[in-house]
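Chain W: place on chain H using the hints.
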Amino acid sequence: MIAVEQLRYVRLGTSDLVAAANFAQHILGLELVDQDDAQVAFRSDFRDHTLVFTRDPRAGHSIGFEVRDSEALERAADALAQNGYEIAAGSPEEAARRKVKTFLSFDAKGVTVDLVVRPLHSGWRYFPSRDAGVTGLEAVALRSTSVAKGEVLWTKVLSGKVSDWVGDAAYIRFDTAHHRLALHPSSSSGVLAVEFGVESVDQLMQSSYFLQDQQVRIVHGPGRRPSSGQMFLTFTGPDDVLFSYVAEGRTIDESTHRPRQFPRRARSFCAWGSRGHLPEYDTEHGATAAPGGRS
Amino acid sequence: MINLQKVCYVRLGTRDLEGATRFATDILGLEVSEWAKGARHFKSDAREHTLCYVDGDPSIQVAGFEVANKDDLDQAATELEKLGHAVHVGTREQADARMVREFIAFSDPTGNRIEIAWRPAVSGIRYHGTRDAGITGFSHIGLCTTDPVRDEAFWTQVCNARVSDRIGDAALLRIDEVHHSIAMFPTNRAGIQHINHQVETADDVMRSLHFLIERRVNITFGPGRHPSSSAKFLYFEGPDGMTFEYSSGVRTIADELLYRERQFRFDPKGFCQWGAKPQIREFM
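Chains as they are written, first to last, in our numbering: chain H, -4 to 290; chain W, 2 to 285.
So here's chain H without its partners, still in its complex pose (with noise of 0.2 Å):
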């Protein structure tokens, strides 16, 4: 089993690169690291950079994972290979651009994941374009055509565990957080949203009115998950990839453990009764609108 050190970005692919960043610095309130014309990247924490939009009109998705070097690299193109998976080598110049020492990808159904070593750390303190209280990425959900392969691969070959289940729904955890990576059986697959954490509930609800004012659609929350026990708020970005932030939430105590399983209906997503406006977080229909909530 290869072990997965971190989630450490993801890059989404955008035919506008300029509304993208737009949505990343004013909306989202990230803080813009470096652009040029074919990638802008965005830091939300010690990281040099989290979010990445790249001029890409087929609109590809990457997640990128750290593993802890060259040697633990090459078992896993090993391992791969082994289970089916397809690796390229990253070249130099892609490596730069990726800002790590080396890296290897493969697809796994309709998302690519990069393996990275030594990724980039900044030493300057985080400082964001609007007070949106992001503390960091924490989590990306993706969308999958097949979930039980995508558990196989996350738990089996790398050495994410399942914290818990909302129906076949998977949470997967690398370290002591609920879930970095949540598989969501879909009938496409992708980026489904990308969650940064905010400092507590009053930015969330703060960030909740003020996405209203901007006019973004918010698709579900705010609300409380009973899995991970996080406050979330999602709303739309660019190109249809959903964005969440994220408040408090339980760490995981592996010695006592055990994943459960949640019935999949809406309730087993939010806590407070939220509906989801999206076939992964709700089976039901005839949802409501909510003040400061989604409009």
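Covered stretches of chain H, going by a simulated chain W footprint (3 or more residues, C-beta under 8 Å):
id, segment
1, 192 to 202
2, 213 to 223
3, 263 to 275
Derived DEER-like restraints, expressed as beta-carbon distance ranges:
id, chain 1, residue 1, chain 2, residue 2, range
4, W, 47, H, 183, 52 to 60 Å
5, W, 217, H, 14, 34 to 42 Å
6, H, 171, W, 127, 33 to 41 Å
7, H, 251, W, 282, 46 to 54 Å
8, W, 123, H, 156, 47 to 55 Å
9, H, 121, W, 263, 29 to 37 Å
10, W, 20, H, 208, 32 to 40 Å
11, H, 113, W, 263, 50 to 58 Å
12, W, 266, H, -2, 50 to 58 Å
13, H, 156, W, 137, 33 to 41 Å
14, W, 260, H, 252, 43 to 51 Å
Some residues of chain W that are not near chain H, with every Cβ distance over 12 Å (derived):
id, residue
15, 6
16, 14
17, 46
18, 55
19, 59
20, 69
21, 76
22, 86
23, 127
24, 129
25, 148
26, 178
27, 241
28, 243
29, 263
If you're looking for bench data, these hints aren't it; they were derived computationally from the structure.
Since the model is a prediction, treat every value here as computed from it, not as a measurement.
A virtual CB, placed ideally from N, CA and C, is assigned to each residue, including glycine.
Below, chain W alone, put in the same frame as chain H:
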């Protein structure tokens, strides 16, 4: 000085006692403590009752306050009469209907009906709500004022209330360590402006938000957080246009000597630090 201990009940007139009862139990989540002829008493905490709907005109809106002993009650009556307030001494029957030993009734300078009660009944049985709203108890009232300067003087000089904060000219007044038990809102009428119940956590506030939306209850303000008291809140409309509030996390003021009241702006930002905009007449 009239020494008030706590706000202890609200009496509201209604032409639809059954409808009001349904709201108080199924929506608000209180527990019926007594079904009397022409009156319904509701429990929200360890007290025998904190809300009573009576058959009658909706303009009947009475706030009850508790005093510590009989001397304080008698002294209050004397003081109010000296100031020219007509004081009604409650009959035994009226006191029984309020579940108190004795009480007096008068109008404050705006004309709000106020009762001062001695020995309100405490219940031996714990409160168990009709629905799991997480209510921990009846906590404060908003009162209308037609002259905030005059009324602030009445509550703080004739009575023992202290100003905790002001939003514009609306004074938030405490009579114990809770940030406010009375909130005075300038308007052109007399009466109770809102009725607050505390709930356990912010989760309860948010759960109720979705519960109320599903039942098509008119949400008038929130969810939000008051910068003054730090409480997370939700305001909504009950029978006869009365505003009800759930809130959680109200601050307490332990150090009377060090605390200084603050002035907040009379605008949405003064009422909510999350950005909610009120649809309540007295907050706009």
